[in-house]
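In case you want the letters, here they are:
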Amino acid sequence: MSTDPYEGPIVLPDDPSVGPEVQVDYPGYRSTRWRAPKRPLMTMPEELHALDGPVFGEDALGELDNDLTRRHEGEPLGERIVVHGRVLDEDGRAVRGALVEVWQANAAGRYDHQVDDHPAPLDPNFSGAGRCLTDDEGRYRFVTVKPGAYPWRNHDNAWRPAHIHFSLFGRLFTQRLVTQMYFPGDPLFPYDPIFNSVRDPRSRELLVAGFDLEHTQPEWALAYEWDIVLGRGGPAATPVEDA
Amino acid sequence: MRTPSQTVGPYYAIGLCRRPDNELDPKGVELSGTLLDGRGDPIDDGLVEVWDPVGRRWGRCGTADGGRFEFVVPRDATHLEVTVFARGLLRHQLTRVYLRPEAAPDGYERLVAEQEGGGLRFDIRMQGENATLFFEH
Chain A
1 MSTDPYEGPI VLPDDPSVGP EVQVDYPGYR STRWRAPKRP LMTMPEELHA
51 LDGPVFGEDA LGELDNDLTR RHEGEPLGER IVVHGRVLDE DGRAVRGALV
101 EVWQANAAGR YDHQVDDHPA PLDPNFSGAG RCLTDDEGRY RFVTVKPGAY
151 PWRNHDNAWR PAHIHFSLFG RLFTQRLVTQ MYFPGDPLFP YDPIFNSVRD
201 PRSRELLVAG FDLEHTQPEW ALAYEWDIVL GRGGPAATPV EDA
Chain B
244 MRTPSQTVGP YYAIGLCRRP DNELDPKGVE LSGTLLDGRG DPIDDGLVEV
294 WDPVGRRWGR CGTADGGRFE FVVPRDATHL EVTVFARGLL RHQLTRVYLR
344 PEAAPDGYER LVAEQEGGGL RFDIRMQGEN ATLFFEH
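For the protein sequence lines, the chains are A and B, in the order given. Residues in the first sequence are numbered consecutively from 1, following my numbering. Residues in the second sequence are numbered consecutively from 244, following my numbering.
Keep in mind that the hints were calculated from the coordinates and are not lab data. Among these hints, one or two may not hold up.
DMTMM-like cross-link-like pairs, simulated, lysine to aspartate or glutamate; straight-line CA separation at most 25 Å [claimed, not checked]:
#1 A:Lys38 / A:Asp59
#2 A:Lys38 / B:Asp366
#3 B:Lys270 / B:Glu345
#4 A:Lys38 / B:Asp349
#5 A:Lys38 / B:Glu345
Everything numeric in this text was worked out from a predicted model, so none of it was measured.
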């Protein structure tokens with residue numbers, strides 16, 4: 001039997017005691033091996049807790065930046081969807097003016113990126129990038145197509161569940177977040193080491209959008225709702241408690 | 244509960260590097276370096292962000308060019324906050340670069356940029372004996 005954890009199981013058993021996220025390492029995701037820091041992390045300098053982060057204004061954005069289906073002459077192939085939600089802090093307060101940037105594969109599961117060699121077609125009408133600023137209630141909204149699942153060679157017959165990448169700048173420097181939004185009920189969830197690197201199932205659930213019939217646009221697009229919760233700042237790394 | 248972090252993955256440039264964003268101060272000094280993994284190999288699908296907390300200037304640079312990143316940063320800054328993303332990093336890492344040795348407090352000597360030519364050099368090593376210091380967050 002191998003003693004090398006990186007040759008071990010792809011999906012480790014749930015373990016809520018490890019906290020809201022894996023901070024450093026997850027052997028099932030092979031690329032962590034030579035990249036995740038191995039030494040104990042240093043205590044964060046005190047002044048970082050309350051430090052403001054960069055602010056982005058409307059001038060940084062184009063009018064159609066939040067509509068990924070209208071960036072080319074024709075419309076992209078795929079299932080048209082609206083993805084919307086609120087950006088909140090842990091106390092439930094809206095985070096206004098947060099820059100939200102997204103990128104994703106096309107409906108066939110192919111990224112418009114030179115490194116992606118998955119033999120699925122590119123779509124000349126889909127680049128897969130968008131961005132917007134949250135409004136006064138912390139709301140964001142994108143129009144896009146549902147991304148396809150794709151293979152990724154992490155292990156034998158590895159497939160990523162469909163997901164949209166999100167990057168967020170909150171108000172505070174410590175509220176910076178890059179994450180991925182998944183779609184409800186994806187059959188690939190139990191096999192994906194990236195999704196399962198979040199070992200607490202309650203925390204993992206926060207990565208999955210809800211189907212939103214109310215905001216579905218009849219004869220036009222399905223809708224998904226996904227709220228994003230950023231840290232509250234202040235002394236870091238307080239353990240997660242039951243509500 | 245906070246929304247957990249997930250890796251930036253290898254395709255972040257689609258969304259995050261659509262235009263050059265690495266000049267914080269056009270009259271500044273060049274700060275460059277290489278992002279390196281635990282084997283000493285360059286990480287060519289990483290992303291480095293820098294934030295000057297006093298001058299409130301920000302930039303980011305992908306490392307597709309052989310792991311290399313390059314910024315033009317304010318000459319008068321004492322330090323910059325540095326955020327590192329990459330495929331294989333489930334959560335971003337925070338570190339800091341001091342632009343002048345005298346600005347670094349005791350214990351932070353490893354975070355001082357080196358003079359190189361007319362600019363500054365700061366390599367980021369994810370692992371190993373000379374690994375960069377990263378902050379808990």
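Between A:Lys38 and B:Asp366, is the straight-line Cα distance small enough, at 25 Å or below? holds (17 Å)
Is the hinted pair A:Lys38 and B:Asp349 satisfied, with a Cα-Cα distance of at most 25 Å? holds (22 Å)
Would the pair B:Lys270 and B:Glu345 pass a check requiring their Cα atoms to be no farther apart than 25 Å? Measuring from Cα to Cα gives roughly 22 Å; hence the hint holds.
Is A:Lys38 within 25 Å of B:Glu345, Cα to Cα? violated (28 Å)
For the pair we were handed, A:Lys38 and A:Asp59, check the Cα-Cα distance against 25 Å. Distance of about 41 Å is beyond 25 Å: violated.
Consistency note: the structure conflicts with the earlier hints numbered 1, 5.
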